[in-house]
Amino acid sequence: MNLSLFNNNGFTLAQTSQRKSAIRFSIWIFMATVTMLFAAFTSALIVRQGQGNWDLFRFPAIFNFSTIFIVFSSVTMQWAYLSFQKQKTKEVWMAAGITLFAGLVFAFSQISGWNTLYDSGIKLSGNASHSFLFLISGAHLLHLIGGVVLLIFFIVRFSVTPSFSDKITIYSCTVIWHFLTALWVYLFLFLKYYCAA
Amino acid sequence: METSTQTQSTAVHSHTNDVHIHEHEHHHHQSFISKYIFSLDHKTIGKQYLITAIFMAIVGMSLSLLMRAQLGWPGEQFSFIGKLLGKFAEGGIIKPEYYYALVTLHGTIMVFFVLTGGLSGTFFNLLIPLQIGTRDMASPLLNALSYWFFFASSCVMLSSFFVMAGPASGGWTIYPPLSALPEATPGSGTGMTLWLVSMSLFIASGLMGGINYISTVINMRTKGMSLWKMPLTVWSFFITAILGVLSFPVLFSGAIMLVFDRSFGTSFFLPDGLVVADKLLNHSGGSPILWQHLFWFLGHPEVYIVLLPAMGMVSEILSVNARKPIFGYKAMVYAIMAIGFLSFIVWAHHMFQSGMNPFLGSVFVFTTLLIAIPSAVKTFNWLTTLYRSNIIFTPAMLYALGFVSLFITGGITGIFLGNAAVDIQLHDTYFVVAHFHLVMGAASFFGLFAGVYHWFPKMFSKMMNNTLGKWHFWLTIISLYCVFFPMHYMGMAGVPRRYYAFTEYEWTSMFTDLNRFISIWALIGGAAQVLLIFNFFWSMFKGKPATANPWKANTLEWTTPIKPVHGNWPGEIPEVHRWPYDYSKPGHEEDYIPQHIPYSETGSSNRKGDY
Amino acid sequence: MKNSRLNATLFFVAGIAFLILVFYAHFQNPQWYLPAATSVHGLVTDHLFDITMWITLPVFVITQGLLFLFVFLYPHRDDKKADYYPNNHKLELIWTIVPAIVLTWLIVQGLQTWANIKSPAPADAEVIEVTAEQFAWNFRWSGKDGKFGRNKPELMKASTNPIGIDFDDSLSHDDITSKEIFIPVGKTVLFNIQAKDVIHSFYLPHFRVKMDAVPGMRTNFWMNPTMTSADKKEDVKRTTKGLKEVDERLYGQVSDETYKDANGNVIVEKGGIIKRAERDQNGNLVKSTDVVLRLSKAGIKKIMAYHDFNYVLACAELCGLGHYKMRAAITVVTQQEYDKWMSEQTPDFEYQ
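Protein chains in written order, with the numbering used here: chain A, 1 to 197; chain B, 1 to 611; chain C, 1 to 352.
Hints are supplied without guarantee of correctness; some may be wrong.
[What the hints assert, rightly or not] Simulated crosslink set (DSS-like; lysine-lysine; CA at most 27 angstroms straight-line):
id : chain 1 : residue 1 : chain 2 : residue 2
1  : C       : 90        : B       : 229
2  : B       : 552       : B       : 563
3  : B       : 47        : B       : 544
4  : B       : 608       : C       : 80
5  : C       : 80        : B       : 470
6  : B       : 279       : C       : 152
7  : B       : 95        : C       : 275
8  : C       : 81        : B       : 552
9  : C       : 157       : C       : 147
10 : C       : 325       : B       : 95
11 : B       : 229       : B       : 552
12 : C       : 287       : B       : 279
13 : C       : 80        : B       : 552
14 : B       : 330       : C       : 90
15 : B       : 87        : C       : 147
16 : B       : 608       : C       : 147
17 : C       : 302       : B       : 95
18 : B       : 470       : C       : 270
19 : C       : 270       : C       : 301
20 : C       : 157       : B       : 279
21 : B       : 229       : C       : 81
22 : B       : 279       : C       : 325
23 : B       : 608       : C       : 287
24 : B       : 87        : C       : 325
The hints are simulated quantities; they were obtained by calculation from the structure and are not laboratory data.
Starting from the given sequences, assemble the full structure and let the hints guide the process.
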């Protein structure tokens, strides 16, 4: 039994094209649910901020770097996607690798950003503005790790069998990656607006 | 048209693929485990959901009967309850801490595990692929995962009964600070942790299911099945899935924040200066009302997540058994959409007396009462469907008719509750209990029952016993009305809900015998469910063999073989030519024309402007 | 199909029986219907309730009636076909627009009432501060200066200073506290509501007052009582007095005569409350304390009794194990009685 996400359940190729578009569509619905999750977090923040007792604090500079990194990784992801369309194996390899690396750098810089905050006394259990920052950026990072796992899955599979027939995995990787980038840029600006001194 | 080109290209491929299916079936014998346990087949997954939900429904109902025992006979010592619950009911009297756990878990199990997980899980899985004409869900694996998350979350929820301090006991709405502080009530310790873990798994399951349902309906319809040819069942399932996918993440966000408040010292919902049992707690600045907004943003759509599928199935069953097209098909669809949309902007009517800004309350009065309009349209359309019809009284039909009656009774009281000024007296009283049990609890259960009786032949290739089914219906609806109708009176007098006993106040004691009356009918209603459970399992093995289309219905599921096959249709998937409600069409000999019959074969009955 | 006819008739009979029972239950127990409010705004909301009832009751009867009627009229006949009647735009338009108009009217009525109830209290209102805790209510009056002293969470001790009054604040020195509410009839009272621990709900059923007590914020509700406790008690006595059968329904009612058993022992005195069996130290019921049991043992079939009445404050938001008995008394008195009561109170400060 082939337990891939895009498995066809025994009667293999029946309705294949329908199923392919269904998978693509599912990714968009998935992103809608994630959007709702963060919409809930951010609106909760606005409601909470409106009630006062809201501490503004200095954002560590490293969050700026991580934002630049994730935007950069989105560009390379797009490069990987286009190379895949043009069936350029080497470039797919390189672009996907750089994206993965940039993604990991983003993750580590987020963590080191939290460290900096903790060192300056801004903690999860502190003022609500602090809690919201950790909560929202943490939830985003968890989603990004999901994206990284998907990307690793793609790279491993591509290195085992470098075939260009499965377009869906690279498609979902790319779309989700861009989505997470856009999401972070939004969250970053949002948090900066509401929490930064 | 995008979809039609898509389906055409599939049809070209499908012949060769179908050959493949045959070979597959012949050469590969699935083991028991892969066929029944870790099955990826939507029909099996639907049945798994149903069996799990039946079990959870038995648990949920038993909890309510224990509650009724306490309310009907306060202080009476029932030795069997003492034996059953041990230290939670020493001397046979249920303790308050356990009573509140019963309140909480009865609500949680019935709303989420039976009427959301069970109802949607069963019928969405079974009917979406069969009625839109596809071989399985968009992602069968995700579908199976969704079930196993549901199963796991059920197990976690039930496991909380075995926690020392008892299960969660803050009500199914788990309002903090009560739910966040173990100091405030014993159930907010491990019991509440398990509740949150279970609900997180449940939400994950619901989202996986929902994503799958939506993309299946959008992408996988057979040739000719345009959106306006879909049965109302599929329409209601589709809108319900959208509601779920958009609202459950919001509850999830609230649950995460509550977990943080409980375990990591944050103060999202916990304000400063909390003094519990003379101890000053170290929280600052949180807002308990914030939780209510997040909860009810899910909580209200949730009501329609429970109710809309029942409406869809009832529409279908009414039409089939009345042998008459559903009246105002398009209006019905628009009503479903309107209800779905409005359900997102009415949540704060649960919070009129919560201390939120009264102006906000006014806005929600307006949106809430608007929901009565599409609801009225649906009711009148059901009634008109019955006008000059030709009704066959199957058990499913009886339940569909019962649904309409319950929906009217329960819906009308919503007009009282939706008006903030009138709601001052009625909020959080038994009037509310009566209202939502009738309009969403009992009515959705009737949808579920109707669905089980109607589609049982499709699930198990056997027929259920009609006589037992009818006895079950009559006993159930009579006891339901006897249980919930009197509660309106208690609510008018202002008897609050979630009271362990009414003996503490003179003003509630006038209802002593009314409460006993309610409890007795609850027991009768509970006992009546044995008929269903017996009928269900007995018919599964010993029922009369089903025929291919026992109800003479038009929808596609009745074109599949009696014995279900993997991939649903052994040959090509039928192409759809007409809407699903061509019943008693003048000029046609039979009183039904299935969706896959082309107009070329029904020359005598075709009319201008056919759907 | 004989079966069809049977089912159709059954449905019709059950449906009509249902409608008849609804009305029968109502006219048998008129006291069950929304009991009269005793506050000015309560009379308005009750009126709105009645209007809604008069609008929805016909809808209820007509729609349910049509359901049963159609089921009765159209059971399956093999020689007959149903009408092919898929839609009628005019009809559908009518039953979209008519409910819309009626609802709009209801909404307008409701919002006006709501806005009045939620408008700021008149400046001369008597202010009472309400503090809810598991599972008790605390009330405070500002005293002569008309100003409340500070309260602080860290000073809150349930036994000595449940509200946490800060006596360093001189405004608190004439503040009066109580575990019961006293209010004058015909005067506006503003309740300022807060909670110490979890969410409670300040609910005065007879006055149509309900407002959550939320920790971390203050909520309020104002009302104007129309009837003193004594008048209401007399009113209820007059309307409920009668010769009543000796059964469980008597619990909580007041006996209008003294009843004795065969040995001449008093079972219940005139004006005494008909009590349930009490429990001994081990929690077992002592049957000899049960008034109803003793009455029926003594062979008394009917007694003269009436309902007792007391205004009450109840909690209406699940707040923990004692939620169901989190009550407090509320007494409405005349202005003279109120002034007298107030003058007899000693500020907490003087106990310190």
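Here's how the hints hold up against the structure:
no.	hint	in the structure
1	C:90 x B:229	23 angstroms, holds
2	B:552 x B:563	17 angstroms, holds
3	B:47 x B:544	19 angstroms, holds
4	B:608 x C:80	24 angstroms, holds
5	C:80 x B:470	24 angstroms, holds
6	B:279 x C:152	13 angstroms, holds
7	B:95 x C:275	22 angstroms, holds
8	C:81 x B:552	14 angstroms, holds
9	C:157 x C:147	22 angstroms, holds
10	C:325 x B:95	14 angstroms, holds
11	B:229 x B:552	18 angstroms, holds
12	C:287 x B:279	42 angstroms, violated
13	C:80 x B:552	16 angstroms, holds
14	B:330 x C:90	14 angstroms, holds
15	B:87 x C:147	50 angstroms, violated
16	B:608 x C:147	80 angstroms, violated
17	C:302 x B:95	35 angstroms, violated
18	B:470 x C:270	54 angstroms, violated
19	C:270 x C:301	17 angstroms, holds
20	C:157 x B:279	9 angstroms, holds
21	B:229 x C:81	23 angstroms, holds
22	B:279 x C:325	23 angstroms, holds
23	B:608 x C:287	81 angstroms, violated
24	B:87 x C:325	22 angstroms, holds
Hint check: violations occur at hints 12, 15, 16, 17, 18, 23; the rest are consistent with the structure.
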